[in-house]
Each structure stands twice: as structure tokens, then as C-alpha cells.
Amino acid sequence: MSETQPPSRRALKAAEAEGAPSAAEQIAAGDAFDDHRLPTAQLERAAFGEHVVPWSPPAPVAPPSVAPWALAVAIAALVASLFAGVLLPLGVVAIVMSIISLRRAHDSRRVAIWALALAVLSVIFSGGWLIWALPQLSTV
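For the sequence shown, my numbering gives the first residue as 919, with consecutive numbering after it.
Certain hints may be false.
[Stated by the list, open to error] Now the in silico label distances, taken between C-beta atoms and shown as ranges:
{"#": "1", "residue 1": "W973", "residue 2": "F1001", "range": "54 to 64 Å"}
{"#": "2", "residue 1": "V1004", "residue 2": "S983", "range": "47 to 57 Å"}
{"#": "3", "residue 1": "P981", "residue 2": "A929", "range": "51 to 61 Å"}
{"#": "4", "residue 1": "I1031", "residue 2": "V997", "range": "12 to 22 Å"}
No lab work stands behind these hints: they were computed from the structure.
Where a beta carbon is used, it is the ideal one built from N, C-alpha and C, also for glycine.
Working from the sequences, and respecting the hints, build out all of it.
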């Protein structure tokens, strides 16, 4: 059972110094698996070559979008304005949030425009309720 062992790295480097082709030259020539290396051995390609990708910083994470929140607040303000006018400030908050989301580059413009339209409609309805309710108050 005298099986020959593959040569050590020192022996391979000594052979390279004597004129044998280096591992990089063997890989470039297409002879990656030679007689000295088992087929399951670690390849030396990972340390050098054109395939190495230079490090680049990760892409910045976009801040969370305000547009869906503005739309949710606008819908809540519109529903509330159908029943009472006292939630007029909720419509104003929805208008401010939708304007902020319109000014942000990464927010959805379509959602922000819908939020602005519904918020303005809720302010109009709430204002109508307040204009109707104020003369109804009795001055005692």
C-alpha cells in the first residue's frame, strides 16, 4: 500500500524556481488539474485574476415613504369629515404630509396626489360642517 503523496507547496515552489510552470501559468493554459493535485483540492484561482470584483460600498437604503401614511391620514380625515367637522386639524395634517411626500424624490407621486386631493376634500367637508354648525349654536 505504498500510495504516492502529492508534493507539498514547498516542493512545488522549488519546482517553479527550477523552471516548471507556475500554478497561475497552468491555469491560464487550461491545465488546472495536473498530476500533483487531487481533483477536490482547493483551486488557486480565487486569489487572483480578472474575476476579482473590487469592493464597492453598499447601496444606500432609501428612507421610508411618507406617501402611504399621508393617504391613510387623508382617508381617515375624509371619513371623519363626513360625520363631524371637529376633525378639521386631521385634514390639515394630511395636507402637510402629502405636500412633504410630493417634495421627496423617492415617494410615489400618484399616492401623494391622491392623498392631497382627499385631504383637501376632507378640509372642505369639515369646513362646511363648521360653517353649518356655528349659526346653530344658541347664544344664551
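Notebook entry, point to check: Should the hint that W973 and F1001 are 54 to 64 Å apart at their CB atoms be regarded as holding?
Noted result: At roughly 59 Å between Cβ atoms, F1001 and W973 fall inside 54 to 64 Å, so the hint holds.
Checklist line | Cβ separation of I1031 and V997, checked against the hinted range 12 to 22 Å | finding: holds (19 Å)
Next item on the list: Take a look at whether the Cβ-Cβ distance between P981 and A929 falls inside 51 to 61 Å.
Entry: holds (58 Å)
Check: Does the Cβ-Cβ separation between V1004 and S983 fall within 47 to 57 Å?
Finding: violated (29 Å)
Violated hints amount to a single one, hint 2; each of the other numbered hints is respected by the structure.
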